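Number of protein chains: 2
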Amino acid sequence: MAETIDLLTAARRLTAAEGVLLLTHRRPDGDTVGSAAALCRGLRRLGKAAWVFPNEDLTPRLAFLLEDLLAPPAAQYDLVAAVDLADIPLLTTSAAQFAKKVDLCLDHHPSNTGYAAELLLYPKAAATGEVIYQLLRLLGVSFDLKIWEALYIAVATDTGCFRFSNTTPLSHRIAAEALEAGLDFHPHNRTFFEKKSKTRFLIEKRMLDAMTFSSDGRIAAAWIERDWLKEIGATDDDLDNLSTLTMTIDGVDCGIILTQEKTSSDYKVSVRTHMPADASRVCREFGGGGHPRAAGCTVSGPGKQAMEKLMAAAQGELARC
Amino acid sequence: MAETIDLLTAARRLTAAEGVLLLTHRRPDGDTVGSAAALCRGLRRLGKAAWVFPNEDLTPRLAFLLEDLLAPPAAQYDLVAAVDLADIPLLTTSAAQFAKKVDLCLDHHPSNTGYAAELLLYPKAAATGEVIYQLLRLLGVSFDLKIWEALYIAVATDTGCFRFSNTTPLSHRIAAEALEAGLDFHPHNRTFFEKKSKTRFLIEKRMLDAMTFSSDGRIAAAWIERDWLKEIGATDDDLDNLSTLTMTIDGVDCGIILTQEKTSSDYKVSVRTHMPADASRVCREFGGGGHPRAAGCTVSGPGKQAMEKLMAAAQGELARC
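Protein chains in written order, with the working numbering: chain A, 323 to 643; chain X, 323 to 643.
Misleading hints may appear alongside valid ones.
Given that identical chains are not distinguished, each listed pair holds provided it fits within a single copy or across any two copies.
In silico PhoX-like cross-links for lysine-lysine, where the CA-CA straight-line distance does not exceed 25 angstroms [claimed, not checked]: (1) Lys517 to Lys527; (2) Lys584 to Lys626; (3) Lys552 to Lys527; (4) Lys626 to Lys527; (5) Lys468 to Lys370; (6) Lys468 to Lys626; (7) Lys552 to Lys518; (8) Lys517 to Lys468; (9) Lys590 to Lys552; (10) Lys370 to Lys422; (11) Lys552 to Lys626; (12) Lys626 to Lys590.
Calculated from the structure, these hints are not laboratory results.
Given the structure is predicted, the values throughout are model-derived calculations rather than measurements.
Using the sequences and the accompanying hints, generate a full structural model.
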C-alpha cells in the first residue's frame, strides 16, 4: 500500500526530481489530460525535464493539450507520477509496463487503491486539477495561459461545467483566475458541453424513441444495437455518458442504458441513480460494480430481455430504499 | 433619458431611502428575481423597509425566492428601483403603473433604454446579480445564506451554469463565496439546468423527429403544432429555449423553431445563429427582430410552408456572411 503524503511532501518529491514522466488513465478524460498537461508545463517552467507518457486512447478533442508534451522513446526521468489514476488496470496497454514503478500518484478518487509508492489524495476535490493547482502554487510556478487552459478543462469537465454536486469553491476560484488571466474559455465550453456530432444527435434521437419507462415512471431504460451503431458510423466518443441523459427526466430515479459490445452479442450496461438508490447494488447482481450514483456491468443479449432483467433489478433496488 | 450613475451614488440613494420597492421584469427569469431577492434581503438587513412588487408571471420554481418579500398593498416606500429591467414594456401589466415613476434602475443589459431617473448599468456583467453583489458589498451588508442563494441563482441562470461566453471572473467568485458560505447549490442546478418534465421530454423527442436540415447541414429547423401541444398538456415553460437545442448540433449555424400560437394558425418563430450569421436580419424579413444571435418573428401557417420560408431566408443570410 502507498504511503499517504501531504501537499508539501509531494512538492518536495517533484522538486528533488530532475526528469518526471506523467501517466494518464485509460479512456482519458479532461481531468487526467488537463491535470497532466498543467503539471508537466508547470514543472518545465521550473526548469525540469517533464513529459506525459503517450496515451493510445487519447481523443482528438483533448490531444491539443499534450501537443508538445508527449514523451519521446528516449525521454529521461527519475520519477514516475500517475495523475488522476485510481488503479493499475486503468493504465493503458502501453503504460502497463509501469504497473509496479509508479513513484507518486496525485488523485482525487476515494477509490484509489494505493498502488503507487506515495499517494497524494484529496478525496473531496472535484477534480485532480484542483490538486495540481495547489501543488503548482506551492511550487511557486508562475501560471501561463496554457496552464490555465489545462486546469480549466480539468476542473470544468469533471464538474460538468460547475453543475455537478462535487463542485467546490476551489473549482470556481480556479475558473475565476483562469478567466482573469484572459483564458478564452467559451470555445472549450462549446466543445465539451454543447457541441453534439450529427452521429450523437442520431443516437440520442434513437435512444429517446426506444426509451421504456417503468409504470411508476421512476426507471427509464433503453438498449442500442451494434449493427445500427456501425451503420451510422458511431465511435465510442459518441456513446459517452448516454445514461446521464435519462436522469434529466423529471421523476426518473434510475436510468439504464445498454449498448451492444463491438464483437459479441453481450451488452455493456450503464446505470445511473439519484439518491438514495444505489446503482452499484443493481450492477453487482450481474457481476459488475461501481459507485452509488454510477455503475456498470455486462450482460448477455438479446437486448430487450437484458433490459427487462436490469429493470427488474432496479425495481428491487428502488423498493429497498 | 436616465442619468447614468456609479456604484457609490447608487449605494447613497439606497442608503438615503427608508422604504424601497423593487420591480422585476415580465416573464421573470432567475436573474431578475434573484437580484431583487438579494437586494431586498440586503436592504432589510440594513434596517430598511424593502419589498418586491408582486409579479403575476412568476413561475413556481422561482417563487420561493420571494416568499416573504412580496409587497402588501399597504407597503410604504420612497424609492422605486427596477432590477434587470431594460425597458418600460418589460414591466408586467400590474406594474405598468410605475412606468414613469422608476427612480433607480440596476441593470446589465446594454440595450437599457434609460427610462429610469437614474441608471446604474454594468453592460459587461454577466448578470444583474453581479451588480447587486457589488452594491451589497459597498453597503456593508453581511450576507446570509438566503442572499447567497438568490445571487447564485441570478448568476448561474444568466450564464447557463457558467457555460455561456458572458461568464465573468466575478460570476465564478460569487459562486465560490456562495459555496464557501455553505449554499446547497446542487438542488438549484438540478432544477434550472438538468430536470426536464415528461412533457418537455416528449416535445424534444418530437422536435428531434421533425427536424429538417438544409442540404449543407448548416440550418436545422422544426415546427410544432398547437393541437399536439394541447394533447400532451404543454405549458409555455415547457417550450422555453427549444431553439437553443438545435445549436448544439455540430455544423449547424442557424436553428429555427416554429411553435403554433395558442389562439391562431400563426407560428411564433425563434431563430438562433452562430457568429457571424445574424438572426435579427432573418427575422426582420418577416417583421420581427432581436439580437444578432437570437431573434424572433411571427409568420402565418401552415407550418411546413412557414418553415420553408424561414429556411430560405436563413440560407440567404448564411450566403451573405
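Hint check:
| no. | hint | result |
| --- | --- | --- |
| 1 | Lys517 to Lys527 | both (15 angstroms within a copy, 18 angstroms between copies) |
| 2 | Lys584 to Lys626 | within (18 angstroms within a copy, 40 angstroms between copies) |
| 3 | Lys552 to Lys527 | both (16 angstroms within a copy, 23 angstroms between copies) |
| 4 | Lys626 to Lys527 | both (18 angstroms within a copy, 21 angstroms between copies) |
| 5 | Lys468 to Lys370 | within (17 angstroms within a copy, 48 angstroms between copies) |
| 6 | Lys468 to Lys626 | neither (47 angstroms within a copy, 48 angstroms between copies) |
| 7 | Lys552 to Lys518 | within (18 angstroms within a copy, 30 angstroms between copies) |
| 8 | Lys517 to Lys468 | within (22 angstroms within a copy, 35 angstroms between copies) |
| 9 | Lys590 to Lys552 | within (16 angstroms within a copy, 39 angstroms between copies) |
| 10 | Lys370 to Lys422 | within (24 angstroms within a copy, 67 angstroms between copies) |
| 11 | Lys552 to Lys626 | within (19 angstroms within a copy, 32 angstroms between copies) |
| 12 | Lys626 to Lys590 | within (13 angstroms within a copy, 41 angstroms between copies) |
Hint check: a violation occurs at hint 6 only; the rest are consistent with the structure.
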